[in-house]
Amino acid sequence: MIPYGRQDIQQADIDAVLEVLQSDFLTQGPMVPRFEKAVAAKVGAHHALAVNSATSALHIACLALGLGEGDWLWTSPITFVASANCGRYCGAQVDFVDIDPRTYNLCPEALATKLERAEAEGRLPKVVVAVHLCGQPCDMQAIHALGQRYGFRIIEDASHAIGGKYQGDYIGSGCYSDITVFSFHPVKIITTAEGGMALTNDADLASRMELLRSHGVTRDPALMTHEADGPWYYQQIDLGYNYRMTELQAALGLSQLERLDDYVARRNALATRYDAALAELPVTTPWQHPDGVSGRHLYVIRLQCDRLTPTHRQVFERLREQGIGVNLHYIPVHTQPYYRELGFTTGDFPSAEAYYAEAISLPMYPTMSEAQQDAVIVSLGKILDNQ
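Just so it is clear: in the sequence shown, position 188 is 174 by the numbering used here, and no numbers are missing.
Worth double-checking, as some hints may not be accurate.
[Unchecked claim] Derived Cβ-Cβ restraints for the label pairs, each shown as a range:
#: 1; residue 1: Lys368; residue 2: Asp10; range: 55 to 61 Å
#: 2; residue 1: Ala265; residue 2: Pro(-11); range: 40 to 46 Å
#: 3; residue 1: Arg103; residue 2: Ala214; range: 50 to 56 Å
Just so you know, these hints were derived from the structure itself, not from any lab.
Quick caveat, the model's predicted, so the values are computed rather than measured.
All residues carry an ideal CB built from backbone N, CA and C; glycine is no exception.
Could you put together the complete structure from these sequences and hints?
Below, the structure written as structure tokens:
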């Protein structure tokens, strides 16, 4: 089976992890701060907080921005459920904004229309989570301008996008958002096995997230309610969580970070090769906005179903039968049973639902050989040709 994505673990990664295993610290040592500083320096952010998953990063980002009961979080329906769930964790209500049919990201025009209506109804969002699907950045300048006008805060869910760029700057630089979140899951662009990171240029938000990721506990005398009882003393000053990243994960991430640009370049080369090979097939290949450079976490095609005899499901299943590990990213969040119980229904976000009815993620990862890619192309071509 050719997987849709997979990690690349090299000897340098193994050596880095072994070095930590033989050190004095497996957690809460020097490696996590080193990883944080390296990522922040790479993307041009002032502060970075490593955590045990991108979901945890989204959660503490929402909490740091003051999201809570009575507030609204808006995001894209085409994303993993965590982009919406982070609002629910905080007790907030969640709504969605339909996607741009070309980029599959949250549509700024749909956002503007919805904001105008929400302002009249007195239900403006406190936070908008802009998801960089497949690694392609959203139109952050337009979303930021709307944030300035309507007063909402912005989180970039860049779980797919480390190493990508927007208007010449690395995603994560924070030019148009309050907080950016990265994922280091094994199939992402670089991995820490599991893990995530929240980046910001706001020192207060960074301090808040640092507290929240580790039980709300501090040893900083400046944050305590009274003088310390002794050198052992700490205080819990908020209700935080155990969201820390281990030293082992950080060591792996630091090693992987050295190859980030190579990984992104290879992914883009594979995508260019797919674009050319699939040009004559009844599929729509990914469109890339000229303002951005995608990290190319995923390569999603859309079947032109009106030109095909086999159904979307049949094409998917036949590819799997031939050893091509395709996947589908994602099922629209508003159609999940949990969100249907909150009042969402089929038909609420037509562009997202049309995307879901046609999308297939083809295999793509840095160690993918041209022979493996050719096998994917040939299999897809035969399935679509022998209708």
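These are the hints, each one checked on the structure:
Hint check: Lys368 to Asp10, Cβ distance near 57 Å, so the stated range 55 to 61 Å holds. The supplied range of 40 to 46 Å is broken by Ala265 and Pro(-11), whose beta-carbon atoms lie about 25 Å from each other. Checking the proposed 50 to 56 Å range against Arg103 and Ala214 shows it holds: the Cβ atoms sit about 52 Å from each other.
In summary, the one numbered hint that this structure violates is 2.
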